[in-house]
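Chains as they are written, first to last, in this note's numbering: chain U, 1 to 213; chain W, 1 to 213.
Hints in this document: simulated from the structure, not taken from any laboratory.
You can trust all of the hints, since none of them are fake.
Identical chains share a label here; the pair holds if one copy fits it or two copies do between them.
As a list, the in silico SDA-like pairs of lysine to any residue whose alpha-carbon atoms are at most 20 Å apart:
#1 62 to 142
#2 62 to 143
#3 62 to 209
#4 25 to 208
#5 62 to 210
#6 62 to 213
#7 25 to 213
#8 62 to 140
#9 62 to 179
#10 62 to 141
#11 62 to 208
#12 73 to 213
#13 25 to 209
It should be emphasised that the depicted structure is a prediction, and the values quoted were computed from it without experimental measurement.
Chain by chain, the residues run as shown.
2 protein chains.
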Amino acid sequence: MRIPNHIGIIPDGNRRWATRAGLAKKDGYIHGLTPGLDLLRLAWEAGVREITYYGFTTDNCKRPPEQVFAFSKACVEAIRRIASEPVSLLVLGDQNSSVFPEELRPYTVRTDLNGGGMRVNFLVNYGWEWDLAELNAPGSNRRQICNALRSHDISRVDLVIRWGGMRRLSGFLPVQSVYADFFVVDRLWPDFQPDDFFQALQWYQAQDVTLGG
Amino acid sequence: MRIPNHIGIIPDGNRRWATRAGLAKKDGYIHGLTPGLDLLRLAWEAGVREITYYGFTTDNCKRPPEQVFAFSKACVEAIRRIASEPVSLLVLGDQNSSVFPEELRPYTVRTDLNGGGMRVNFLVNYGWEWDLAELNAPGSNRRQICNALRSHDISRVDLVIRWGGMRRLSGFLPVQSVYADFFVVDRLWPDFQPDDFFQALQWYQAQDVTLGG
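With the hints as constraints, model all of the structure from the sequences given.
So this is what it looks like as structure tokens:
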């Protein structure tokens with residue numbers, strides 16, 4: 001079976017899930033924690049070598065403060081759980097902001113935990129413009145451009161899986177995702193099922209990797 | 001009806017179409033010309049203000065020479081037909097290469113034709129890395145980054161429509177497409193039907209524009 005080296009995860013639909021469950025929007029995020037860890041283990045078992053979670057973005061922080069507080073707290077808790085697994089963890093995003101959680105600073109340098117393992121990247125207060133902001137006339141060399149990104153320690157994404165039915169990247173790693181295959185799950189993220197992941201892998205088998213050539 | 005301001009067009013599947021029709025792969029491209037002009041007129045009638053066609057990329061030029069010659073020729077002919085419409089035309093791509101067709105040089109500066117009209121952009125020998133290559137430490141300001149792109153005269157894309165069933169951007173305007181909704185048509189491009197476009201518009205109605213906020 002052809003397994004993507006690196007998958008990107010857009011765990012969307014937490015607020016819609018909360019509304020449908022009769023909860024306040026902010027109360028959806030906490031229900032995305034267990035799916036996050038379940039998916040991590042499934043990906044690891046399948047042989048995926050790198051996974052990037054779209055935590056929250058600088059744009060997301062324009063939302064009502066109680067939602068910002070809630071998704072920030074959920075990210076911290078998600079990363080706390082991931083950090084108890086055998087992973088090589090990187091938290092990436094704009095740290096020069098009060099919304100960046102202090103507890104995550106130790107992981108802004110890639111850290112092997114519990115002996116190391118799958119590369120796990122978690123985007124926290126990430127912005128595509130923040131990511132590109134240090135590109136300094138690198139020329140057309142692809143490797144030089146990638147090395148000049150703030151996300152230079154995150155490799156090319158082979159497969160992006162988005163939950164919640166929307167079909168857009170929403171600023172997710174625009175350079176690493178230029179050739180990514182994009183699989184959309186209609187189910188909302190807190191309703192994650194292992195089969196969502198298996199269907200994405202199955203679909204990925206049928207895609208060809210040409211990189212434009 | 002909510003109409004996208006700017007649509008991106010990825011006209012994929014010409015080679016597969018040729019193979020199914022019993023032709024050589026290179027002979028597919030010419031069958032994409034009529035669809036291109038039909039779509040242009042439909043988009044104009046619908047009130048779309050800007051359209052960008054993915055002609056060919058620097059990566060595509062790694063293909064066999066007879067294919068490169070064929071898609072290059074098809075692009076020149078497509079642009080010749082578009083240039084007889086009332087449009088504001090821009091051809092954008094790496095001109096410092098022998099594969100860039102000489103006939104297209106006059107349009108590498110935006111040109112009003114037949115009184116001007118819809119903004120039509122045609123990417124010819126485009127590469128995402130070429131597009132980013134002049135970014136000179138612009139900082140995190142979104143407008144400054146967009147202005148520093150080589151594609152600075154192409155605005156944010158609201159809707160990308162890709163024919164041929166593949167679900168990836170393949171390097172198409174990575175910065176302008178960060179928030180684009182992505183609609184995939186399984187039909188191969190030479191088999192384009194007006195209904196493909198109408199279905200994309202219909203689907204677009206159901207998408208919300210949050211830009212992450």
